[in-house]
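Q: Generate coordinates for the entire structure from the input sequences, incorporating the hints supplied.
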Amino acid sequence: MIWKRKDLLGIEDITQEEIEHILAEAQKTPEPVLVGKSVALLFFEPSTRTHTSFDLAAKRLGATVTGVPIAQSSVQKGESFLDTLKTLEAMGVNLFVVRHGESGILHPVAPQLQASVINAGDGAHEHPTQALLDFYTILQHKGKFKGLKVVIVGDILHSRVARSNVWGLLRLGAQVTLCGPATLVPKEASEWGVEVSYNLEKALQGADVINVLRLQLERQKESLIPSLAEYAKLYGLDAQNLSLAKPDCLVLHPGPMNRGVEISSEVADGSQSAILEQVKNGVAIRMAVLRLLLSSRSKNEESRGRLKKAKA
Amino acid sequence: MTKNGRKILIKGGRILDPSQNLDRALDLLIEGDRIQDLKPNIPAPVKTTELEVWEAKGLWVLPGLIDMHVHLREPGRETDETIASGTRAAASGGVTSVVSMPNTEPPIDSATLIRFVLEKAKKEAVVNVFPSGCVTKGQKGEELAEMGLMAEAGAIAFTDDGKPVMNAQVMRRALEYSKSLGFPVLDHCEDAHLSGQGVMNEGVVSSRMGVRGIPTESETLMALRDISLAELTGGRLHIAHVSCAGTVEAVRQAKRRGVRVTAETCPHYFALTEESLVSFNANFKMNPPLRRDSDVEAVREGLRDGTLDAIATDHAPHSPSRKEMGLEAAPFGVIGLETLLPLTLTTLVHSKVLTPLEMVRCVSTHPAKLLGLKMKGGLRVGMDADITLVDPNREKILTDRFESKSKNSPFVGWKLKGFPVGTIVGGKVVYKDGMLV
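Top to bottom, those sequences are chains A and B.
Just so you know, we're using the numbering used here here: the first sequence kicks off at 295 and counts up by one.
Just so you know, we're using the numbering used here here: the second sequence kicks off at 4 and counts up by one.
Hints listed in this document are in silico derivations from the structure and should not be mistaken for laboratory results.
Computed from a predicted model, the values in this text were never measured in an experiment.
Take these hints with a grain of salt, some might be off.
[To be verified] Below are the DSS-like pairs computed for lysine-lysine, each with C-alpha atoms no more than 27 Å apart in a straight line:
hint, chain 1, residue 1, chain 2, residue 2
1, B, Lys182, B, Lys143
2, B, Lys42, B, Lys435
3, A, Lys515, B, Lys166
4, B, Lys143, A, Lys515
5, B, Lys258, B, Lys166
6, B, Lys372, B, Lys123
7, B, Lys14, B, Lys410
8, A, Lys380, B, Lys410
9, A, Lys540, A, Lys443
[To be verified] Residues from chain B shown here face chain A by an in silico Cβ test under 10 Å; the list is partial:
hint, residue
10, Val207
11, Val208
12, Ser210
13, Gly213
14, Arg215
15, Leu224
16, Leu275
17, Glu278
18, Ser282
19, Asn284
20, Ala285
21, Ala332
[Unchecked claim] If you want the ones that stay clear, here's a sample from chain A, every Cβ over 10 Å from chain B, calculated:
hint, residue
22, Leu376
23, Met385
24, Gln408
25, Arg457
26, Gln469
27, Pro541
28, Pro550
29, Ser589
Positions of the beta carbon are idealized from the N, C-alpha and C atoms, including for glycine.
A: See below:
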């Protein structure tokens, strides 16, 4: 297929074919095809792994990477989000990688920019590259998606990882079960095309993949869970309840982990865990996405340039 | 008696006046600021030098629209709207009177500030401005504001609109106290705890978008509480911007029991649903939020069966820079003065939910009655010459050119049918054929 999209804002917007194309692209050996391109990383929320992953991915492809220090930037001086991006675009940025605490912040803005935009996590909305690296990891282990039972455990309500995973997995033909206490699973989730379970033992039965979400520790203060200890007891993944899943069940976690809360160390470091592979695959997926968004654009620009010359 | 000899003769228009149950073609003569005559074939008076004849065949002639829920933003937020710009928007929307909301900066909670609005309006407004004052000092929900002094200065109603009065004891006192003054409390019904940091209606759409929701129960629970308090106190409660089926039903039941409660809704609640939010466009963000199809149906039914008394706009201007902050950070509210009539005509009257007379009841006669404006809301001889002329068949696609200083309308690009073509306030033509006069 020919990649046409300028931006990657979410998995909900893209087709099965596009997802598969990105996964195929991720297998290619990196070459410095983005020399002369400028990538800006704008992280309005703290991040270590996603930030570093994008940074390394862009550099391996030969692009120049600029991290924009938000804390000292004009954003703090009240500049609007769109103005910030337009200003950076005027300096020659070709692609923005943006993480922001607000759901959907990029959707009205991206069409107003020439530059490409990758959503590196927006509020509780989407985190498309995380989902893609999860899919890539699942594919490497299982070789397919159709018919797989994928259980996502934890704070679904606030999770952009969960949402991006759900839209993509359903499109790829997997069955998805969401599991957590009812305060952390939106009551409308049953209308998403997934199964909902409030009982981890039941949810795990027959699972091919378990994706364990990070529990934000502040949820306790918001009266969403009574205590971390209770959460760990009822919804923490450990060797005992993992044994209820299929023997070759794959364990994923987007990180960073709260060991002993949502996942036991035994499972996190165990033979079924693919957590470090996920991190490795993250770089490959981000290179694939950067390459697709930027090289398709440079082709477009070139052809436009040729057209202009031909007319002249 | 007239102050001057200025006369306007509106000829052959379809007179729609629910106050006398009138729906027929008649001539209407204005002299000075009053309606002088209303009958078939009024001859043009010969002795007057100043006579304007308005051929109104094919047009509807309504008692001027009264929008009882308008944010004029002055004082404090003059970049979003002013008394001058907001009333220009009203005039071009066929609205002849507005009730201004007091959640300005600072909030209008004293007689001095009521006087400020009235004096500003006297100088700069092109339509009638009736200010409402805060229920509580500083709109904090703690202590009663000086409602009596504000009433003396010219306040027409009391409200903490934009915020609920969360303390039931304070709301009880407000209903009692305003009862003794003879004014209604305009109630922003919302349980602030239940709404939390919500942004849009809680439902499958918000759950998919990962956006925090506001359940309909947040509105309905507070409506039920305040209906109970109105029952307890005998105070006059008017529920603002009803958005959902539960609240419509709560008001319906209360009215059946004889509680002194009235209610309004806004065009966006009968024209739009939560689905519009999937674009993450903050011009669809208002409070209460857009709800489901079934709520839209319930609101329409509430208007049809008279449960909902009035249609108001909750005109809430915000400058583009504020609305561009993203769906979650952007403030709540949409403008509405210039789209009130076309939306109501298109979605309710042309589609036969309301008859033309029922519509006029909602946008003029009822608001006049529940605000105690005895000389407005009808076209009887001797009443104020506040008149709106409407071309029910004019079709237009809405652009973002508004008289309002703000452009935060969710209806830009909509093709609508039925627009105001003339606005007369106190016998003076302020808007004619697409132009402010």
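Q: State for each hint whether it applies.
A: Hints, verified against the model:
As the CA atoms of Lys182 of chain B and Lys143 of chain B are separated by approximately 21 Å, the hinted pair is consistent with the 27 Å bound. For the hint pairing Lys42 of chain B with Lys435 of chain B, the CA-to-CA distance comes to about 23 Å; that is within 27 Å, so the pair holds. Annotation: proposed proximity of Lys515 of chain A to Lys166 of chain B holds, straight-line Cα distance about 25 Å (limit 27 Å). Under the criterion of a C-alpha separation no larger than 27 Å, the hint pairing Lys143 of chain B with Lys515 of chain A is consistent with the structure, at around 25 Å.
Restraint check for Lys258 of chain B and Lys166 of chain B: satisfied, since their Cα atoms lie roughly 25 Å apart, inside the 27 Å limit. Taken as a hint, the Lys372 of chain B and Lys123 of chain B pair is honoured in the structure, with Cα atoms around 26 Å apart against an allowance of 27 Å. A distance of roughly 36 Å separates the Cα atoms of Lys14 of chain B and Lys410 of chain B; the hinted pair therefore is violated under the 27 Å criterion. At most 27 Å may separate the alpha-carbon atoms for a hinted pair to count; Lys380 of chain A and Lys410 of chain B meet this at roughly 22 Å.
For the given pair, Lys540 of chain A sits about 10 Å from Lys443 of chain A by alpha-carbon distance, which is consistent with the 27 Å threshold. Hint status for Val207 of chain B relative to chain A: holds, with the closest Cβ pair at about 4 Å, below 10 Å. For the restraint placing Val208 of chain B at the interface with chain A, the shortest Cβ-Cβ distance is roughly 8 Å, inside the 10 Å limit, so the hint holds. The interface hint given for Ser210 of chain B holds, since its Cβ lies 4 Å from the closest Cβ of chain A, which is under the 10 Å cut-off.
Restraint check, Gly213 of chain B versus chain A: the minimum CB separation of about 3 Å is within 10 Å; hint holds. Interface hint at Arg215 of chain B: satisfied, since its Cβ lies 8 Å from the closest Cβ of chain A, which is below the 10 Å cut-off. Checking Leu224 of chain B against chain A: minimum C-beta separation of about 18 Å lies over 10 Å; hint violated. Restraint check, Leu275 of chain B versus chain A: the minimum CB separation of about 17 Å is more than 10 Å; hint violated.
Given the 10 Å rule on beta carbons, the hint for Glu278 of chain B is violated: about 14 Å separates it from the nearest Cβ of chain A. This hint holds: Ser282 of chain B has a C-beta 7 Å from the nearest C-beta of chain A, less than the 10 Å allowed. Proximity of Asn284 of chain B to chain A holds as hinted, the smallest CB-CB distance being about 6 Å (cut-off 10 Å). Checking Ala285 of chain B against chain A: minimum C-beta separation of about 8 Å stays under 10 Å; hint holds.
Nearest Cβ of chain A to the Cβ of Ala332 of chain B: about 6 Å, under the 10 Å cut. The hint holds. Annotated as non-interface, Leu376 of chain A brings its C-beta within 10 Å of a C-beta of chain B; the closest such distance is 6 Å. No beta-carbon of chain B is positioned within 10 Å of the beta-carbon of Met385 of chain A; the least distance is around 21 Å. For Gln408 of chain A, the requirement that its beta carbon stay farther than 10 Å from each beta carbon of chain B is met, with the minimum near 18 Å.
Under the 10 Å C-beta cut-off, the non-interface status given to Arg457 of chain A relative to chain B is violated; the minimum distance is some 6 Å. The claim that Gln469 of chain A is not at the interface with chain B holds, since no C-beta of that chain comes within 10 Å of its own (minimum 18 Å). Pro541 of chain A, annotated as away from the interface, keeps every beta carbon of chain B farther than 10 Å; the closest lies near 34 Å. Distance to chain B confirms Pro550 of chain A as a non-interface residue, since its nearest Cβ pair spans about 20 Å, more than 10 Å.
Separation of Ser589 of chain A from chain B is adequate, the least Cβ-Cβ distance of about 28 Å exceeding the 10 Å criterion.
Going through the hint list in order, the structure does not satisfy hints 7, 15, 16, 17, 22, 25.
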